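Asks: Below, each chain spelled out in residue letters.
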Amino acid sequence: MTAASPAGTNEGLLRRILLALAALSIVVTAVELATDRHWETFVQRIPWFALLAATAALLLVAVQPGPGSIRIARLLAAVTAAAGIVGVYKHVEANRDTGALDFRYSATWDSMSATSQWWKAASGGVGPSPVLAPLALANSAALVIAATLRHPVLGS
Amino acid sequence: MNVRLVAASAGLASLLLLAGCGDDDGTAATAAAATATPVTSSGEATATRPAATAAASPTSAATPPAASASSSPPAAASPTPAVRKVNANTATEAEVAAALQAAGVSNAARWAKEVVEYRPYPANDPTMAKLRGELAKYNPGPGVVEAIVATLTVAP
Chain V
502 MTAASPAGTN EGLLRRILLA LAALSIVVTA VELATDRHWE TFVQRIPWFA
552 LLAATAALLL VAVQPGPGSI RIARLLAAVT AAAGIVGVYK HVEANRDTGA
602 LDFRYSATWD SMSATSQWWK AASGGVGPSP VLAPLALANS AALVIAATLR
652 HPVLGS
Chain G
330 MNVRLVAASA GLASLLLLAG CGDDDGTAAT AAAATATPVT SSGEATATRP
380 AATAAASPTS AATPPAASAS SSPPAAASPT PAVRKVNANT ATEAEVAAAL
430 QAAGVSNAAR WAKEVVEYRP YPANDPTMAK LRGELAKYNP GPGVVEAIVA
480 TLTVAP
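The listed protein sequences correspond, in order, to chains V and G.
First residue of the first sequence: 502, per my numbering; consecutive thereafter.
First residue of the second sequence: 330, per my numbering; consecutive thereafter.
Pairwise CB distance ranges, derived in the manner of DEER restraints: (1) G:Asn416 / V:Glu594: 27 to 35 angstroms; (2) G:Ala438 / V:Leu514: 53 to 61 angstroms; (3) V:Trp620 / G:Thr421: 32 to 40 angstroms; (4) G:Arg461 / V:Asp611: 22 to 30 angstroms; (5) G:Asn453 / V:Gly569: 49 to 57 angstroms; (6) G:Asn453 / V:Pro568: 54 to 62 angstroms; (7) V:Ser624 / G:Arg448: 27 to 35 angstroms; (8) G:Thr456 / V:Gly569: 53 to 61 angstroms.
For the chain V half of the interface with chain G, some residues (derived, Cβ under 8 angstroms), not all of them: (9) Glu541; (10) Thr542; (11) Thr599; (12) Ala601; (13) Leu602; (14) Asp603; (15) Phe604; (16) Ser607.
To be clear, the hints were calculated from the coordinates, so they are not data collected in a lab.
Since the structure is predicted, the reported quantities are computational estimates derived from the model, not experimental observations.
The beta-carbon is built from N, C-alpha and C at its ideal position, and this holds for glycine as well.
Using the sequences plus the hints, can you model the full thing?
Replies: In structure tokens, the structure reads:
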């Protein structure tokens, strides 16, 4: 990155900080997924693929910046962000699908309105899946994309 | 580069990482407390948590031990008689659901789906600790996990 960035400028420093934060976000998310053993099913492996995409995007911007690689990095980051948003939905859906297993609702869950079920699933009222945790992927992607804004290799 | 965009991205990074690390400690603790209640050894647990027992199901596995304990002492030594065991690793979801239904577990189909989802289970762990851990996440009623495990085997 430094080869293409104007050394000694605030812009170059901020770009490096953004990429460092993106790297930190990717590592922390991977650790969190690993401690949760988030690989039991295919759907649970999707964030790992998203993290690979985010890592590739990060490396493209940091190591080999160029007009083409910046565009590819943005595309990969967008895919990662999309995976994060889908992850939020999947977590809410998983919480809703298993709401009846919670002893507090086992006798009443099926008679509750769909709105009530979705609200409880989305607000942490039922289910084990952390609803907003997948947005950590979108955060990593946003940091990578932010690091590409007005990048010197793209010209003015 | 827009400094405000950078600051907003960094702030979003911090917030999302903190949110992502929050996970579901409260739920896990509640579930652990619920599954630790030894309802199969005595009817006392059902007396101290009537709401939970009623919510689980009038035909749940928590009920038979209490009934048998009051009518026949020898039956208390065998809290799950006549339970047809199915292999947790090889039985179909329908077979698991049927076994759970026969054991009086409410929401048998939903529990069966979870049992199948977290395969495989180690054959050298007859206590099925992995399955217990996964099921406890859903905050089941007292005795439900025990009733489910009692219908399953991991023996080849």
